[in-house]
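2 protein chains.
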Amino acid sequence: MGSTWRKAKVVLGLNLCVYVPRTMDEKDDDESPEVLRCGDGDDETLPLLLYNFSRHEIVGIVTEVGSDVTKFRVGDKAAVRCMVGGCDGCDDCKNGLESYCRDTIFTYGITVYSPLKYYGLDRPSLSVGVVGLGGLGHLAVKFLKAFGVKVTVISTSPRKEKEAREGLGADAFLVSRDSEQMKAAIGTMDGIIDTVSAVHPLQPLIDLLKNHGKLVMVGAPEKPLELQVFPLLVGRKLVGGSATGGMQETQEMIDFAAEHSITADTELIPMSYINTAIERLLKGDVKYRFVIDIANTMEA
Amino acid sequence: MGSTWRKAKVVLGLNLCVYVPRTMDEKDDDESPEVLRCGDGDDETLPLLLYNFSRHEIVGIVTEVGSDVTKFRVGDKAAVRCMVGGCDGCDDCKNGLESYCRDTIFTYGITVYSPLKYYGLDRPSLSVGVVGLGGLGHLAVKFLKAFGVKVTVISTSPRKEKEAREGLGADAFLVSRDSEQMKAAIGTMDGIIDTVSAVHPLQPLIDLLKNHGKLVMVGAPEKPLELQVFPLLVGRKLVGGSATGGMQETQEMIDFAAEHSITADTELIPMSYINTAIERLLKGDVKYRFVIDIANTMEA
Numbered sequence: 001m002g003s004t005w006r007k008a009k010v011v012l013g014l015n016l017c018v019y020v021p022r023t024m025d026e027k028d029d030d031e032s033p034e035v036l037r038c039g040d041g042d043d044e045t046l047p048l049l050l051y052n053f054s055r056h057e058i059v060g061i062v063t064e065v066g067s068d069v070t071k072f073r074v075g076d077k078a079a080v081r082c083m084v085g086g087c088d089g090c091d092d093c094k095n096g097l098e099s100y101c102r103d104t105i106f107t108y109g110i111t112v113y114s115p116l117k118y119y120g121l122d123r124p125s126l127s128v129g130v131v132g133l134g135g136l137g138h139l140a141v142k143f144l145k146a147f148g149v150k151v152t153v154i155s156t157s158p159r160k161e162k163e164a165r166e167g168l169g170a171d172a173f174l175v176s177r178d179s180e181q182m183k184a185a186i187g188t189m190d191g192i193i194d195t196v197s198a199v200h201p202l203q204p205l206i207d208l209l210k211n212h213g214k215l216v217m218v219g220a221p222e223k224p225l226e227l228q229v230f231p232l233l234v235g236r237k238l239v240g241g242s243a244t245g246g247m248q249e250t251q252e253m254i255d256f257a258a259e260h261s262i263t264a265d266t267e268l269i270p271m272s273y274i275n276t277a278i279e280r281l282l283k284g285d286v287k288y289r290f291v292i293d294i295a296n297t298m299e300a
Numbered sequence: 001m002g003s004t005w006r007k008a009k010v011v012l013g014l015n016l017c018v019y020v021p022r023t024m025d026e027k028d029d030d031e032s033p034e035v036l037r038c039g040d041g042d043d044e045t046l047p048l049l050l051y052n053f054s055r056h057e058i059v060g061i062v063t064e065v066g067s068d069v070t071k072f073r074v075g076d077k078a079a080v081r082c083m084v085g086g087c088d089g090c091d092d093c094k095n096g097l098e099s100y101c102r103d104t105i106f107t108y109g110i111t112v113y114s115p116l117k118y119y120g121l122d123r124p125s126l127s128v129g130v131v132g133l134g135g136l137g138h139l140a141v142k143f144l145k146a147f148g149v150k151v152t153v154i155s156t157s158p159r160k161e162k163e164a165r166e167g168l169g170a171d172a173f174l175v176s177r178d179s180e181q182m183k184a185a186i187g188t189m190d191g192i193i194d195t196v197s198a199v200h201p202l203q204p205l206i207d208l209l210k211n212h213g214k215l216v217m218v219g220a221p222e223k224p225l226e227l228q229v230f231p232l233l234v235g236r237k238l239v240g241g242s243a244t245g246g247m248q249e250t251q252e253m254i255d256f257a258a259e260h261s262i263t264a265d266t267e268l269i270p271m272s273y274i275n276t277a278i279e280r281l282l283k284g285d286v287k288y289r290f291v292i293d294i295a296n297t298m299e300a
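Sequences listed follow chains A and B, in order.
Heads up: the first sequence at position 109 corresponds to 109 in full-length UniProt numbering, and the numbers run straight through without jumps.
Heads up: the second sequence at position 207 corresponds to 207 in full-length UniProt numbering, and the numbers run straight through without jumps.
It is worth saying that the hints were derived from the structure and are not from the lab.
Mixed in with the good hints there might be a few duds.
For chains that are exact copies, the list does not tell them apart, and a pair is met inside one copy or across any two.
Said to hold, decoys possible - Cut-off 20 Å, straight-line C-alpha distance, at most; resulting in silico cross-link-like pairs (SDA-like, lysine to any residue): (1) K150 <-> D91; (2) K210 <-> D91; (3) K117 <-> A184; (4) K162 <-> D207; (5) K223 <-> V234; (6) K117 <-> V234; (7) K283 <-> T263; (8) K117 <-> D255; (9) K210 <-> Y119.
The structure displayed is predicted, hence computed values, not measured ones.
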């Protein structure tokens with residue numbers, strides 16, 4: 001089976017999320033409705049490589065289209081989210097929430113946009129905190145500012161204050177290790193989006209919420225966290241999760257991002273730089289995402 | 001200062017929640033807009049005693065009304081929720097959510113009704129679990145059935161199945177210690193209301209939820225519970241809390257209960273039985289709530 005994606009100029013990136021059907025990799029090329037594809041079979045090692053390298057999507061220029069293609073022409077920009085294995089039959093798939101079906105891959109823009117919409121944290125009068133200023137966090141700040149929300153970045157590192165305020169336009173900054181600062185902010189936030197994947201205490205964040213406030217987790221600590229129930233009761237607060245979003249909402253997110261000139265801050269690297277990039281990722285030394293220029297630095 | 005509540009025939013109970021203003025106990029009797037009152041001062045020891053005995057409300061027949069009383073006449077049934085100390089000024093008080101202001105007392109009917117409404121678990125097409133079949137749980141089943149929801153009672157004790165199904169009309173029953181039963185029910189529920197105050201694992205309950213499901217805590221375990229974040233993410237699930245409700249919603253709850261003939265199952269006891277009742281409560285030996293007949297068994 002041919003691998004049509006190899007004919008496309010492909011760049012790993014964040015900002016374009018125009019979809020091709022998830023079912024493509026189950027069909028012959030001639031029947032493929034779109035030319036870009038995300039494979040998970042033996043013949044399609046590049047997407048697998050990319051998937052294994054980092055949660056990602058592939059962005060490129062369409063260089064060839066099949067006879068059934070209606071959404072794309074040669075020369076269009078398109079993105080493949082490697083969303084394979086959606087069943088198309090369950091309630092989630094039918095409701096455009098196929099990302100909650102099995103075998104999905106997380107992406108960044110939609111991973112913060114979707115929960116802000118779902119949990120109602122997208123209204124101008126609100127005050128919302130963003131925990132962690134990384135790939136997810138910096139996009140959360142940008143979307144929240146575009147919604148007109150008052151944004152407070154919450155970080156362990158005081159060194160990030162300048163970047164948060166001046167670089168991203170955050171309205172306030174809290175050092176989570178500064179108990180005085182945290183105490184002064186108790187009960188001030190309508191919601192918090194927590195992007196941190198390291199194990200960390202939830203209660204100081206729950207304390208920052210007003211009554212009826214929502215702590216939304218998008219980072220996934222490996223070990224269970226401690227949850228005190230009583231503070232949830234007396235403040236009618238909640239701790240919720242969210243993971244990426246469906247095709248429909250991702251298209252909405254992209255349209256919103258285009259309208260408000262929201263882009264991810266990225267650093268373009270050649271394929272040969274991957275090992276160094278991984279080392280830098282582990283040290284948190286990236287603002288805020290690496291993009292691999294595959295088309296110009298790797299031959300299929 | 002006189003204690004007008006002593007003039008009312010007072011019975012501790014659950015089912016009537018018609019309110020008198022919280023601010024009454026700050027006024028002279030002559031200025032009191034209603035005759036029933038809940039005091040927390042030195043002169044008003046009975047409400048304090050009742051409060052200390054159990055979370056409660058006082059229900060009685062109005063025997064006297066002040067000149068400003070507009071809602072009650074002598075002979076009316078009325079209930080005082082001992083909701084003292086609401087500030088009347090914060091957003092919650094202004095929005096009829098004064099129960100989230102300081103110094104409130106939990107009650108049972110509204111404690112299950114309010115979260116079912118707030119978290120959207122009151123729609124006929126839904127499937128909702130109720131954990132724990134006690135004072136809160138049995139009312140949750142009754143309200144859910146009145147909403148038209150499919151109800152599954154989840155209990156550690158298989159002995160409660162008959163009562164759950166035949167006594168309360170539950171559609172299904174799960175023994176939480178039976179791993180086969182629990183496994184078979186994974187991903188089947190839109191929501192769960194958890195009334196258990198003992199420390200217990202949350203993950204088996206979260207597993208029972210469908211994607212986008214909601215686990216609502218109304219019991220308050222003393223120690224923190226373990227919360228696994230990843231399952232919340234991949235299923236966009238949430239763990240929320242709720243505590244009682246405001247006056248407006250409690251009136252709505254009472255009206256709904258009256259319309260659907262929902263009453264709490266109670267056992268009427270004389271004041272002299274209190275110590276035995278407490279012993280029985282500790283053993284879980286009550287269906288489902290003790291009511292103290294103060295008017296006939298205790299002199300003020």
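Structure-based check of all given hints:
no.: 1; hint: K150 <-> D91; result: between (35 Å within a copy, 18 Å between copies)
no.: 2; hint: K210 <-> D91; result: between (34 Å within a copy, 10 Å between copies)
no.: 3; hint: K117 <-> A184; result: neither (28 Å within a copy, 33 Å between copies)
no.: 4; hint: K162 <-> D207; result: neither (25 Å within a copy, 42 Å between copies)
no.: 5; hint: K223 <-> V234; result: between (26 Å within a copy, 15 Å between copies)
no.: 6; hint: K117 <-> V234; result: between (25 Å within a copy, 17 Å between copies)
no.: 7; hint: K283 <-> T263; result: neither (23 Å within a copy, 60 Å between copies)
no.: 8; hint: K117 <-> D255; result: within (14 Å within a copy, 34 Å between copies)
no.: 9; hint: K210 <-> Y119; result: both (15 Å within a copy, 17 Å between copies)
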